[in-house]
Amino acid sequence: MITLKKELIISILAQFLILFIGLLINKIIVNNMSVNDYGVYNTIKKGASVITFVGLGGLGIALPKFLPQANNSKEIKHQLISSLFIVTILTLIIGTIIFLNNKNLTKLIFNNDNSVFIYLMFLFGISNSFIALIFAYLRGVNKIINFNVFQIISQISLLAVAIIFKTSLAQYFLYSSLILIFSFFIIYGYVAITATKFKNNRNFFSDIKKQAKKLFSFGYTRMFGDLILFSIGVIPLIIINNKFGLKENAYFSTATMLNTLITPFFSYIGIILLPKASKALVEKQYSYLKKTVDKFLFIYIAISVFFIAFFYFFNHILILILFSKDYLVVSKYIIITSFTILPNSIYLLLRNVNDALDNRPYNTFSLLISSSIGFLLMFFSTTFDYLIISFVIMYLILGILSFLNWTYLKNKYLK
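Each residue of the sequence shown is one higher than the last, beginning at 4 in the working numbering.
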């Protein structure tokens with residue numbers, strides 16, 4: 004049995020490697036494309052992330068919550084199959100919407116008429132949805148090592164594509180998507196063979212329907228939360244494309260990318276805590292859960308303060324290492340946006356615990372309130388600097404609301 008401490012160490016080391024590979028991919032793109040092309044690259048990538056989590060249908064939260072509560076292997080098997088059914092249906096719906104509105108969406112998001120971009124965004128986003136489904140399953144059945152290994156393999160595959168197709172955005176996203184889809188079938192086959200025994204039974208379809216209803220009824224409210232969360236990354240780019248231009252888009256992407264380099268560490272520790280929190284609730288280990296969350300909350304705050312200071316003093320060096328001298332103008336924006344690290348880390352920790360404590364979508368409400376205020380401030384910003392400040396205000400509101408939700412739910416359920 005792997006302890007929580009070992010799982011955290013393994014996950015952190017894996018995330019360091021994944022982060023390093025991601026930086027290599029970004030460096031390859033930056034060195035071989037113009038500033039404007041880098042703006043398009045980030046718009047496709049951010050837009051695809053929205054499609055990914057809409058296509059996932061909230062299963063990234065639902066599976067890690069319900070799989071630890073499953074009574075037997077049959078229920079686990081049916082949750083896996085029903086989740087694949089959900090993602091497939093959502094893929095068809097999203098694809099139809101994009102196909103029927105491709106010209107309008109391309110004009111809105113990219114401020115040009117090249118519909119190839121919107122199709123690449125869809126393909127890359129959906130391929131990540133299927134991969135994320137497998138990752139959610141592995142977390143739910145507590146196979147953290149497998150989860151991290153498959154993440155690393157997927158990232159290495161994307162690095163290989165970036166090296167081969169470093170001068171073509173279209174080829175990079177096309178072949179990356181195809182590799183991710185191929186990887187999904189390989190990993191899904193592995194999971195099917197090693198984790199479950201597929202046998203026919205009279206109640207198969209009714210059981211699948213029951214599990215799909217349970218997963219989606221919980222997940223769809225979180226799906227809207229995921230949509231809002233990842234819209235926080237893409238809507239500012241849309242506003243910038245239409246108000247300022249692709250160069251400012253690239254500058255914004257650079258500033259926010261540097262400040263989100265450590266996000267995976269905060270995010271995946273919180274992800275590991277979700278099934279642990281669900282199990283602790285079932286076993287009524289309330290004191291253990293409170294102490295664990297409070298301990299990590301203190302650690303998150305300390306790490307956030309450290310990185311804010313680090314980016315303040317060393318942003319010039321980081322820009323030269325990770326990008327090029329053309330991006331040194333972004334220095335002041337990195338300092339300003341670094342203040343999003345603290346509230347974002349609080350949200351990433353507490354969102355999973357809040358989901359485990361209550362079925363009501365408190366995180367979605369927090370995201371809706373903070374993003375609505377933030378997007379309005381950005382839309383009415385008269386300068387690029389004001390837009391950056393509005394972005395920071397949005398995250399500050401999100402962090403405060405997440406902490407208030409945790410305080411309320413802790414006092415309600417963990418007495």
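Heads up, some of the hints might be wrong.
To be verified - Below, computed lysine-lysine pairings styled on DSS-like, alpha-carbon distance capped at 25 Å:
| no. | residue 1 | residue 2 |
| --- | --- | --- |
| 1 | 294 | 282 |
| 2 | 282 | 146 |
| 3 | 293 | 415 |
No wet-lab data here; the hints were simulated from the structure.
Model, not experiment: these values are computed from the prediction.
Results for each hint:
Distance restraint check for residue 294 and residue 282: the Cα-Cα separation of roughly 15 Å lies within the 25 Å cut-off, and the hinted pair is therefore satisfied. Of the supplied pair hints, the one linking residue 282 and residue 146 holds, its CA atoms being roughly 15 Å apart against a limit of 25 Å. Proximity of residue 293 to residue 415 is assessed by CA-CA distance (about 12 Å); at most 25 Å being required, the pair is judged to hold.
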